[in-house]
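Asker: Got two chains here, separate frames each, mind docking them using the hints?
If you want the building blocks of each chain, they are given just below.
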Amino acid sequence: MLEIKGLAVKLEEEDKQILKGVDLSVEAGKVHAIMGPNGSGKSTLSYVLSGRDGYEVTGGSASLEGEDLLEMDPEERAAAGLFLAFQYPVEIPGVGNMTFLRTALNAQRKARGEEEMSAGDFLKLIRAKAKDLKIDADMLKRPVNVGFSGGEKKRNEILQMAMLEPKMCILDETDSGLDVDAMKLVSEGVNALRSEGRGFLVITHYQRLLDHIKPDVVHIMADGRIVKTGGPELALEVEKNGYADILAEVA
Amino acid sequence: MAAPAAKMDLTEARIATLSMPEGAAWATDARNAALARVREMGLPTRRDEYWRYTDPATLTQASAPRAAIFDDRDEPPVFGDIDKLNIVFVDGVFSPEKSDPLEMAGLEIERLSDVLSTDIHWAKDLYGVRETAGQDPVARPLAALNTAFATDGVVIRATGKAERPVCFIYLHRDETSDATLHHLVKVETGAEVTILEIGPAAARFNKCMEIDVADGAAFHHVRAQGRDHERRAATHMFARVGADALYKSFTLTANGVMTRNEHVIEIVGDNASAHVAGAALGDGASAPFHHDDTVFITHDALNGESRQVYKKVLRNGAEGVFQGKILVKEGAQKTDGYQISQSLLLDEDSSFQAKPELEIYADDVACSHGSTTGAIDEEALFYLRSRGVPTEIATDLLVIAFLAEAIDEIESEALREDIIARLMHWLERRRQG
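Taken in order, these protein sequences are the chains called A and B.
Taking our numbering as reference, the numbering of the first sequence is continuous, increasing by one, and the terminal residue is 253.
Taking our numbering as reference, the numbering of the second sequence is continuous, increasing by one, and the terminal residue is 442.
So here's chain B without its partners, still in its complex pose (with noise of 0.2 Å):
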């Protein structure tokens, strides 16, 4: 089906902006495949069924708005205590000087554009091929225009356990930039290893991460968005879980004018788990804040478990979006899939819309979901307070009780004490205005 006119006007006028790079014919090949994929599907508008609650308009103009750059440079860093081997990007392109060597036992770690260069690589079976399987049946033109014109990321096959994690570091200094990045993560059977990633990366940031995880493998994912009020940010995982194997990804956003996250995940292999998890601190006072969570899981294997918990504490006309899907194909039995989507609404004018889904076609599993919006528990607040804790002291500390299921999805006790200790700060920090 061919997309109407003004959607082709548009995705056309996006694409004469930006160039494909050179590489080798399989990576050329497999660019102008997502391009076509591009063009066949257009880019998204707000009538299209999974953007009715967020409007792409800023993520598919042509150019980046401008963003003001947040200086967070007297904070103590996330992760910053982590013995972690760091990847920094600059506005989208690679620093060398910035980066720690890329090496480490049990990891291979190449730059994107090295491996799309190479005429015989595993990468091949990897790059854009989970993006296309997860365009179906859901389009996600932004991740094939990723795919078409990724200009730098990172390639990482894991062999055995990672010995500490690789951190994505990702630095915005100039205010009108656009990055488009792309990543590969092949986790071989039995082998472990965890990606973080931080900052806002650029004014506006494409991210697509494609992820294979294969039989007994585990692969862990942290990521604390950039608090650049006026950032926005389209993202995409795409991955595929094996046998027995794990999949965990935790996410913090503290605000950004626009954020979509998105992933898609193929459990392929039986008895594996996919948990993916979202705690979002949206606050418009300074700039406004809209964040969306698209989640999509297909069982497709037996004895899976899939967990999606989404929590969100929304203020000053703060937009909260959560659409999550769990779709259990035929003979997937005794699927085990939880979904949780919950806001808190700390004021009147903040709003949270929740899509939940369930697709199932086989007949021995347990699913559930759960959405709720609600505001603070009032004989909470009232019992800390009336031991002394000020109001927004004790409101701080039942937001961030709130987010703790979600939270509790990192596996790693020094990750998750990492984001709490970061998430105080930062509304510690708010409080002192």
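Isolated chain A, as found in the complex (with noise of 0.2 Å):
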């Protein structure tokens, strides 16, 4: 699904290298997860991804079902199935929340020559895939995450990738400032989303995320790089002895 070879990426405005040359797999069906201490790249990573500006790659590769993610625009990126659930998701005053998402939604039809859903049908829609997220009409209708909580502004996310349904999610930090409740209802947002078409990438900083998103490999990223990879046991293994142990092993 995911195929990222040797990716290397620096500031675009400075001279300081962000990746070192990450290799990754992301298999259809499987749910990765990244862990690594503060400033190791994942955040970055997830950026390049989705093709922010601000970043220059200098080597490596990265593909989405065999295309080429790096030679493609952000919207490209999204139409080709790649979603990105942002750790600090963006406040747009005056867009409405329901007007972006049919937009987005019948803009990534369109690029991918699929017909536009008519307004009932999305009004529908939406109105099952948020009651599942708690919600309500008042949030749809507000513009894009502007007075939303943290825990609402990560489930509109969610809310997003389940109207969007991508093929590659990849989740950033999303447990940042999330209750254990929220955790939970975001979660099960996700794992609903479990499929076998469907590939994870899960980037968080601590484990307790993955207690309810369980994943199927663990990589440690540090330093720009991927230094470690193993089961889910391995995040077990951060949550017991911090980065610490790691890091000192692999180094």
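Distance condition first, Cα-Cα at most 20 Å in a straight line; then the derived EDC-like pairs of lysine to aspartate or glutamate: (1) K143/A / E418/B; (2) K143/A / E426/B; (3) K155/A / E388/B; (4) K155/A / D386/B; (5) K112/A / E401/B; (6) K170/B / E420/B; (7) K143/A / D417/B; (8) K186/A / E241/A; (9) K143/A / E422/B; (10) K143/A / E414/B; (11) K112/A / E437/B.
Note that these hints are calculated values from the structure, not bench results.
As the structure is a prediction and not an experimental result, all values here were calculated from the model.
Answerer: So, in structure tokens, the structure goes:
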């Protein structure tokens, strides 16, 4: 599904190398987790994959189902099936949540040569999905993320994911700013989307999210590289001993 | 103070092209008085304090510069789905054939030329009266010129709650037309009326509206100016707002080589509100775009509230100007005045100039003003794109979001939605080239 080979990335404005050769392969139907200390490059990886400005790829490749992601605009990546759940979802005053989602959904469909979804069908679909995530009608009407609590913003990200049905989902620190109940709700939303045809890359600093979203593979990232890969037990090891032991071991 | 010779020459050259319509003695007196004011002030030039950011030359020159006619016949018209009474002008001439009968419960509607030929008419206390009051402390010679030479217009007196809006439709059919229209709107105690205006009117349009909003009355105004790229317009709205009364005006402007919209509002009764708002969409790609909003709100009563909300989206060298003043007179305690003017510059070629002014002589007031110029929010743009929304559509969504605060000033939901729908349609059409 997602193939990343030797990906090296620096900041566009500064001479600072963030990713120093990341190798990662996420298969359809699997959930991979990336853990790592702050500053290891986890979030940068998610931004570079989704096409955010400000980064320069200095080497390596990234592809989604064989298509070169790095050649595409952010909207093309989205239409190709990539979705990033933001660590800090952006507030957009004046743009209604529903308008936003319907525009996004139909733009993606159009880009893929599919028919646009009617207003009626869209409304039915979003109401059903919103209900599962305990998102009320008022939140759907309000401007995108404006006045939303931390938990509401993250639920809104998962709602978008559920509506857009991407092939490859990247969750960037989705647990940050969530209390236990919100984490449970968000995790249930993500788990409901797990399917054979869909890959997940869950980026997190803490193991606790992985209690709810059980990963198949866990990677440890440090200093711009994947330094260790293992099963779910690797996350428990981090939880118990912190990153220091693992980093010392691979150094 | 006599105007300088060059200004006088310019003024006389313009006056020479116009002829004063005949009418009742009081009307002729009002017109002659207005003409005397024009001669006293002289027509504006770039040297005048309130014309520094807008060059009035093409508004004052003897004849109207040619303006190509914009063909929007294949588009849904503005307010197309709104049940309203249509009053149509073609190049500034009232068209009885195209207009609905001038009848509606709660309203008296007359043609200006008929009114000004009537010996005894209430309009005597309004025609040129608000305009004259609005000449102090800032001269507005184009409005006085209008009073002197206006050829047509509509006179409305609202005695009750009008059941539907009255819509002035200004068609532009002649590439060199030069139109001067003058409307009067008197909203009696407790009455309510909504006036809509759409269309370019002419190659060059000088429009003046004098409005008297009596105690407890409400005046609503929603306007969409014509999209003819080369059209020019200088418009004035002079209003007097009584106690517990409401004055609301919103203008949508897309295209136009030269637009100057002035509001001069005097709040004279306690607990009154005046809201003026504008959303302008300027694209200098097909023709230059220059849009100037000049607003002067005077508070001369207790507990008054006013809002000025102006938003401009500018690209390809488009120019935006805002000059807004709140004057709070001595004794106008508990005044709440708010003014915001913002521009969204979509490139580095476009420009926005703002001149906010507060002048306050009362000590217990809350007045605020702000002006900003900014580019598109890159974070928001990326967020939208990451969800699959192409850059151009994402930009347009953010443009509409930026204009929302101004559009929200329209009280009627149906009118507000119509404006948003037209705006989205125009943006979509622009995207498709």
